[in-house]
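> Residue strings, one per chain:
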Amino acid sequence: MSTQAKAGNGVERPLSPHLFIYAPSWTMVMSVVHRGTGAALYFGTLLLAAWLIAAASGPAAYDWAQWAFGTWIGRLVLFGYTWALVCHWLGGIRFLIWDMILGFGPERRLLALGTWVLSGVFTILIWIVGYMVK
Amino acid sequence: MSLRTPLSSVRGRGSAKFGTEDYWLQRVTAVALVPLTVVFILAIVMVVGAPYERAHALLGSPFVAIPFAAVVIAGVLHMRIGMQVIIEDYTPSDAWKILFVLLNNFFSALVALAILWAVAKLSFGV
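Chains as they are written, first to last, in our numbering: chain A, 1 to 134; chain B, 1 to 126.
None of these hints come from the bench; they were simulated from the model.
Please note: incorrect hints may appear among the correct ones.
To be verified - Calculated Cβ distances over 12 Å to all of chain B for the following chain A residues:
1. P24
2. R35
3. T71
4. W72
5. I73
6. L78
7. L96
8. F104
9. G105
10. P106
11. E107
12. G114
13. G120
14. V121
15. V133
16. K134
What the hints assert, rightly or not - Stretch-level coverage of chain A by chain B, calculated; a stretch enters the list once three of its residues show a Cβ under 8 Å from a Cβ in chain B:
17. 41–54
18. 58–65
19. 122–132
As the list claims (entries may be wrong) - Over 12 Å on every C-beta distance to chain A, these chain B residues come out as not near it, computed from the model:
20. S2
21. F18
22. V119
Glycine included, every Cβ here is placed at the ideal spot set by N, Cα and C.
The shape of chain A in the complex, shown without the other chains (with noise of 0.2 Å):
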């Protein structure tokens, strides 16, 4: 990683120290993973957009989304979607916490941690769910 930022200008300026200089912790392994997940749901909306437009296109377009997304491998997609915007959801509220200026005492440990937990059970909890209705 460089250590010089070049400007518009071609001026060369020094970046403060980041990430790789710290030691890990869990709230800035969270902060990665709201990114990371951000990332993804960011191109999972090509999914949501085939899906509905499979919808939309009439009987035939429908069942051959269903099919795909059916597949064990659209399943395992699926399931990811399903956590990445699960994780991003509960990471968003933390962040709103903290943007109130709460829990940045020893607190904030456990809020990240439970954004890692909690989107696991709900996740979960979601598809037990899914699987029941249907």
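Starting from the structure of chain A, add chain B where the hints point.
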């Protein structure tokens, strides 16, 4: 009156003046998406196992179509800003940065239009 020196305004572009607006819109859409995501997941769970006619009817009903449209509008505004921040953080050169930010805007607009088209067709279409 600007406090910048003439030399500084010639050399650099300075800030784009959208920082506060983007920061605030990111949080407004985040707050909106907290309840909307719950409705979205519930609706998906209800629809996903249904046969075509029932799925079509559910997706076209106002109780699903309106929250879906809201999720897409808030979600796309939210993800466009989020992805732009990622691009600005990691893209080394200005040329790539401008290209990726541009592509990000096009992608976001396209996804929003595609989903809104589908929701509209499911609601009013033949």
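> Could you let me know if the closest chain B CB is still more than 12 Å away from the CB of G105 of chain A?
holds (22 Å)
> Once the closest CB in chain B is found, is it more than 12 Å from I73 of chain A?
With a cut-off of 12 Å, I73 of chain A remains clear of chain B, as the shortest Cβ separation is near 17 Å.
> Would the least Cβ to Cβ distance between F18 of chain B and chain A come out above 12 Å?
At roughly 16 Å from the nearest Cβ of chain A, F18 of chain B sits farther out than 12 Å, so the non-interface label holds.
> Does S2 of chain B really sit off the interface, with its C-beta more than 12 Å from all C-beta atoms of chain A?
At roughly 18 Å from the nearest Cβ of chain A, S2 of chain B sits farther out than 12 Å, so the non-interface label holds.
> Verify this label for me: P106 of chain A is non-interface relative to chain B, using a Cβ-Cβ cutoff of 12 Å.
holds (25 Å)
> If I take the minimum Cβ distance from P24 of chain A to any residue of chain B, is it greater than 12 Å?
holds (19 Å)
> Could you check that no beta carbon of chain B comes within 12 Å of the beta carbon of K134 of chain A?
violated (3 Å)
> May I ask you to check that L96 of chain A keeps its beta-carbon over 12 Å from the closest beta-carbon of chain B?
violated (6 Å)
> With a cut-off of 8 Å between beta carbons, are at least three residues of the stretch 122–132 of chain A near chain B?
holds (count 3)
> Taking the closest pair, is the beta carbon of R35 of chain A still more than 12 Å from chain B?
violated (7 Å)
> For W72 of chain A, which was marked as not at the interface, is the minimum beta-carbon distance to chain B over 12 Å?
holds (16 Å)
> Would G114 of chain A pass as off the interface with chain B, using Cβ distances and a cut of 12 Å?
The claim holds: G114 of chain A sits with its nearest Cβ about 16 Å from chain B, beyond 12 Å.
In terms of the numbered hints stated before, the structure departs from hints 2, 6, 7, 15, 16 and 22, listed from lowest to highest.
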